[in-house]
Each structure stands twice: as structure tokens, then as C-alpha cells.
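**Student:** As they're listed, the protein sequences go chains A and B.
Just so you know, the first sequence maps onto residues -15 to 107 in the working numbering.
Just so you know, the second sequence maps onto residues 191 to 465 in the working numbering.
These are calculated hints, taken from the structure and not from any lab test.
Remember, predicted model here, so these are calculated numbers, not experimental data.
Backbone N, C-alpha and C define an ideal beta-carbon position, used for all residues, glycine too.
There's no promise every hint is true.
[What the hints assert, rightly or not] Ranges of calculated distance between the beta carbons of each label pair, as one might list FRET restraints:
#1 433(B) / 30(A): 20 to 28 Å
#2 246(B) / 42(A): 17 to 25 Å
#3 303(B) / 19(A): 55 to 63 Å
#4 66(A) / 266(B): 54 to 62 Å
#5 94(A) / 433(B): 52 to 60 Å
#6 28(A) / 433(B): 16 to 24 Å
#7 19(A) / 256(B): 25 to 33 Å
#8 94(A) / 303(B): 47 to 55 Å
[Unchecked claim] Straight line, CA to CA, 20 Å or less: simulated DMTMM-like cross-link-like pairs of lysine to aspartate or glutamate:
#9 80(A) / 386(B)
#10 366(B) / 300(B)
#11 459(B) / 261(B)
#12 29(A) / 395(B)
#13 43(A) / 395(B)
#14 424(B) / 436(B)
#15 30(A) / 102(A)
#16 30(A) / 395(B)
#17 424(B) / 440(B)
[Stated by the list, open to error] A few chain A residues facing chain B, derived, Cβ under 10 Å:
#18 35
#19 36
#20 39
#21 47
#22 49
#23 82
#24 84
#25 88
#26 90
#27 91
Here is how the chains run, residue by residue.
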Amino acid sequence: MRQRISLLMAALVLGAGVSGPVWAAEEKAEAKKEMPGQEIAFSNKKGNCLACHAMPGTKGEMAGSIAPPLIAMKLRFPDRAKLRAQVWDATVANPKTSMPPIGKHEILTEEEIDQVVDFIYTL
Amino acid sequence: MKKIAVALLSAGLLVSVAAQAGPEDDRKQTIAYFKSKLPTIKFEDFVYGALALDDDSKSQYESIMEFPPFEGVVEAGKEMWEKPFKNGKTFASCFPNGGKNVAGNYPRFDVSLNKVVTFEADINQCLKANGEPEFKFSDVNTMGILTAYARTLSDGMKMNVKVEGPGALAAYEAGKTFYYQRRGQLNFSCATCHMDNAGNRIRAEVLSPALGQATHWPVFRAGERLTTLQARYKGCNSQVRAVPFEQGSEEYNNLEYFMSYKDNGLPLKASVFRK
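Whenever a hint applies, use it, and build me the whole structure from the sequences.
**Tutor:** The following block contains the structure:
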């Protein structure tokens, strides 16, 4: 742990020394790594959340108008487990929902669902 | 005693409700549903599907339909329709009025066969009766091209499908059940998109309303891909990640029967542009 912190400090110190654009690129790569859920949520091969939900962070991708936009998720789902359960199988809370049961029908893996929930919980 | 009377009364009520509910009630309910859900669309404009909801797409449709890029395909279908069989007869000999204004009577329920018969099935019956090899329902180059012309002979005819007798009603109900049944990994029914979410967008695509969906076939997607109604069923089923049925299967024939009855009173038009 201590070693990690010192590595991080070293990276920060080093990072501070390099020029702007390189730093920005590294930051972008870092953000992507930290938020794989966004990629899964946007991809039409994966979560395809955008097919129905609008959400912040899109860059030219068209979002559908079927379902409520994904904003203020922490406020709407103070209990993260409830949000995850909704993603896993929304028909439990509402049998008439249009939402595919992402976990129950194995559209995404359990790990991918965790990553998507991590991401939408920041919205 | 009183309880029994109440029970009998409610049972009687249930029976009378069940007896009333039928294809005609379903049709009227569907019209009423869309009248309130999509009040800006006139009844006769539901034949345009998603185009009716978007002025730009509608005007694109109109300009493409002035000189359709698929005119040559329809012309090839005309040649097929008019080419005599080995016995000298033609397709026209198999249909009333030479095949003009008949497509709106399909699908029909054939009591002796005890099943739904589509226009395409009667074309195959015509080939068989005249000693010719039948077409595959899924073959765009034979059945597809032929119907791209043959159905234009019924342009303007109003859909006029009949559900009469217990066998017909059972087939209609099977089609209705199919329409509302969720299927595939994505767990969508036809109704999820085309009833509940008609007019909404899935990504950039507007979802067409259920009403009118059986009237404009075949279509040329993007102006070139000849697509029959039942080929589209296969596409929809695949898109929700379900295993599709075969074109000409009992499942799809019953579905077409249900969907066509619902469109009674709407005018047909064949070989049209769709996105």
C-alpha cells in the first residue's frame, strides 16, 4: 500500500514535469480505464443503454426516447443495490416494463453490470 | 344463497364480456388507442408507418416514389405474372378478377384446410394446380419479385380480412398471442415496440405504430432491398435475439392474419420505399 502511494506520488511529480498534451492524453486513457461502464453502456453490441435512455457524456451518438434519461441517479436510487437490481431484471419492479432483463438474460456479465452501475451512478 | 347468486351473476358477466371481445373489438380498441396516443396522425395515414411521424422522412418517401429506383424489379415481376405456364394459363387465371383487388382479402382462413392461407400461399397453390414447381416463400428472386408486382394490382383496395367461425377465431387468437408475447434475449414482444412505444425513438429510429403495419408490402428498404412482410417478421425476431420462424410457417401466417385484420379499412399499397 505504502509502496503504491509512493509510486503514485512519483507519477504525479513526473507527470507535473511533462508537457500539456501528453498529460491530457494520459488523463484520457486513465479515465477510460476507470470508466469501462461508459463504453459498455454506449455500445450497441453490449449494454446499448442509449437505445432507450438519454444520458450525459454522449458525443454525437443518438439516444432513444423510450425510457427516462439517466441523470441524478444517486438521488433517484440512494440504495445502489436497488439500481443494480433494476438493471439486472426490471420486470421484477414492473412486469410491463420495456427494459430487457440485462442480468437475468445474460445480456451482460455480472462484472459488466457492476461496471455499468458504477458508471450510471456518477450521472 | 346470495353468495351463489352473486357468483353466478359475475360468472355470467364474465361470459358476456368474453363473448363480446373479439377481433372487431380489438380493432376498434387499437384505433382508439392510437387516436389518443398519436392524435396528429389521421386514420388513413397510419399506412405510412413511422414515416407518418416525421415530415422529412415522409417527403423523402414522396420524392422517391415519383421515380422509384426499384421500378425495374416491379417490371420483372409483371413479366413473371404475365408469362404463361407450360399449359398456357397464367397466374391471373387463379384469382378472381384476374388478381385485381384481391390482396386485401388475405390472409384468408380456409375451413377445409383448417388453416390460414396467405396471398403467397395461394400463388403457390396456383403453380401447383398448373403443374409448375412452387416457389420458396423466402426466395426474393421468385416469390418476392412476383408479389412486388402482383400486390400492386390491389393498390388502393381496403384491407378486408374476415375472421368467421371457431377455426378462424383460434388462428386469429394465436396470432394475437404471438403479437403480445415477449421473446428473445431482449424480452420484447411486437407490442413492446409497436404498441407501447410507437412513435418513440430507439436510438435514431422511430418505432412504427401497430396500426397500418400490414398494408404496405413488400417494401424496398433503402430503396433497394426487397423485403416481404414475413421477411420483416424474421428480421424483427432476430433483432430481439429470438430464433425466427420460417416464412410461410403457421406462426407467421397466424400473426399476419391478426395484424391484417386490425388494418381492415385501410388502403393497400405495394412496392414502396422504406428506410
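**Student:** Decide, hint by hint, whether the structure agrees.
**Tutor:** Going down the list of hints, with the structure as the test:
no. : hint                       : result
1   : 433(B) / 30(A): 20 to 28 Å : holds, 22 Å
2   : 246(B) / 42(A): 17 to 25 Å : holds, 22 Å
3   : 303(B) / 19(A): 55 to 63 Å : holds, 59 Å
4   : 66(A) / 266(B): 54 to 62 Å : holds, 59 Å
5   : 94(A) / 433(B): 52 to 60 Å : violated, 25 Å
6   : 28(A) / 433(B): 16 to 24 Å : holds, 21 Å
7   : 19(A) / 256(B): 25 to 33 Å : violated, 49 Å
8   : 94(A) / 303(B): 47 to 55 Å : holds, 50 Å
9   : 80(A) / 386(B)             : holds, 10 Å
10  : 366(B) / 300(B)            : holds, 18 Å
11  : 459(B) / 261(B)            : holds, 14 Å
12  : 29(A) / 395(B)             : holds, 17 Å
13  : 43(A) / 395(B)             : holds, 18 Å
14  : 424(B) / 436(B)            : holds, 8 Å
15  : 30(A) / 102(A)             : holds, 16 Å
16  : 30(A) / 395(B)             : holds, 19 Å
17  : 424(B) / 440(B)            : holds, 14 Å
18  : 35                         : holds, 5 Å
19  : 36                         : holds, 7 Å
20  : 39                         : violated, 13 Å
21  : 47                         : holds, 7 Å
22  : 49                         : holds, 5 Å
23  : 82                         : holds, 5 Å
24  : 84                         : holds, 4 Å
25  : 88                         : holds, 9 Å
26  : 90                         : holds, 8 Å
27  : 91                         : holds, 6 Å
Taken one by one, the earlier hints fail for this structure at numbers 5, 7, 20, listed in ascending order.
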